[in-house]
Amino acid sequence: MGNSMHKDKLALSFGGPGVPETDMSKVDGAVRELYVNATRLVEENKHTLSKIEDYKGCQEHIRKSMSSPTNESYRRDSLSHLIPNVELIQDFYNAAHNQGVVFHELVSMLAGRGSQAHPALYKRLADVLVFCLTFDTLKATNPSIQNDLSHYRRYIAANKDNQSDLVPETMANSLSFFVADHMPMLKAIIHTLHDDNNPHTRRSVAQLANLTCTYVVSHRDRLDAATELYCLRAMTAAILVYDHTSEKGAFRTKSTVKIKQCVQALQAAKKDNAAVAPLQDCLQYLSRHFNDTQTPHRIRSMFE
Numbered sequence: 001m002g003n004s005m006h007k008d009k010l011a012l013s014f015g016g017p018g019v020p021e022t023d024m025s026k027v028d029g030a031v032r033e034l035y036v037n038a039t040r041l042v043e044e045n046k047h048t049l050s051k052i053e054d055y056k057g058c059q060e061h062i063r064k065s066m067s068s069p070t071n072e073s074y075r076r077d078s079l080s081h082l083i084p085n086v087e088l089i090q091d092f093y094n095a096a097h098n099q100g101v102v103f104h105e106l107v108s109m110l111a112g113r114g115s116q117a118h119p120a121l122y123k124r125l126a127d128v129l130v131f132c133l134t135f136d137t138l139k140a141t142n143p144s145i146q147n148d149l150s151h152y153r154r155y156i157a158a159n160k161d162n163q164s165d166l167v168p169e170t171m172a173n174s175l176s177f178f179v180a181d182h183m184p185m186l187k188a189i190i191h192t193l194h195d196d197n198n199p200h201t202r203r204s205v206a207q208l209a210n211l212t213c214t215y216v217v218s219h220r221d222r223l224d225a226a227t228e229l230y231c232l233r234a235m236t237a238a239i240l241v242y243d244h245t246s247e248k249g250a251f252r253t254k255s256t257v258k259i260k261q262c263v264q265a266l267q268a269a270k271k272d273n274a275a276v277a278p279l280q281d282c283l284q285y286l287s288r289h290f291n292d293t294q295t296p297h298r299i300r301s302m303f304e
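No gaps in the numbering here: position 34 of the sequence shown is 34 in full-length UniProt numbering, and each next residue is one more.
Simulated from the structure, these hints should not be mistaken for lab results. Take the hints with a grain of salt, since some may be wrong.
What the hints assert, rightly or not - Calculated cross-link-like contacts (lysine-lysine; reagent style DSS-like; alpha-carbon spacing at most 25 Å): (1) LYS271 with LYS254; (2) LYS258 with LYS271; (3) LYS260 with LYS271.
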């Protein structure tokens, strides 16, 4: 009964935007400090999403510059638009690092506290995961980001003696690896678990997937579309992180993730909420273990 009550408390923390923030004034120092830091990151993430949503590529300026390679005016115009965009990509890169730091602090504290973990920390973990998946989805639909960076790297490679005001070549190379990944933000948090030998940190991620699934299923008649989508994005991102960091993955019969119930939750929701449909594709095409021979046929058939 105690564990069931704890899960219900956690579920309550996944309420929509209208639900007030948890009062953390009486919570012990370490938990409160982490919550405050995570909340600060969540606010920063809102600005990061706005930046990538508003990202405008330099295709036309690049085209003009390439069509007349000896035209200095075109070259300068192209560079004047490229540099701010590359600096913006560097902001995304730095944001990914920040996700990794806070994510690992959250799962480590949740793992260490077990059933006594504060529900608000699970909400912040969900916030980070939703941001990462949302960012990666937006990045995947904007090829200009990678195109701009590729052209910029070609420019600095040809002008090695005149780079004082530019993002340096070594950083540009790191940015190139970052944007080339199909899910750069999620990979940033996945990497933090590769050298973590504590199995409980991964279980915290799996538990979040199960909690958000349970919340959606048990509150479906009362959930607005935005809250439902938020929970299912958190669930999907948690499954992906767990699948990429667990040796046996999320899809096997005895997985810590209740994968059948999670997929059923997605299928039920997408009937009335079109924004949910891509999440099932994320599980199929962005996961690590879906195509393993050990994935049960009954799970595979749910994606057909």
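Tested hints:
{"no.": "1", "hint": "LYS271 with LYS254", "verdict": "violated (28 Å)"}
{"no.": "2", "hint": "LYS258 with LYS271", "verdict": "holds (21 Å)"}
{"no.": "3", "hint": "LYS260 with LYS271", "verdict": "holds (17 Å)"}
The structure does not agree with numbered hint 1 stated previously, though it agrees with all others.
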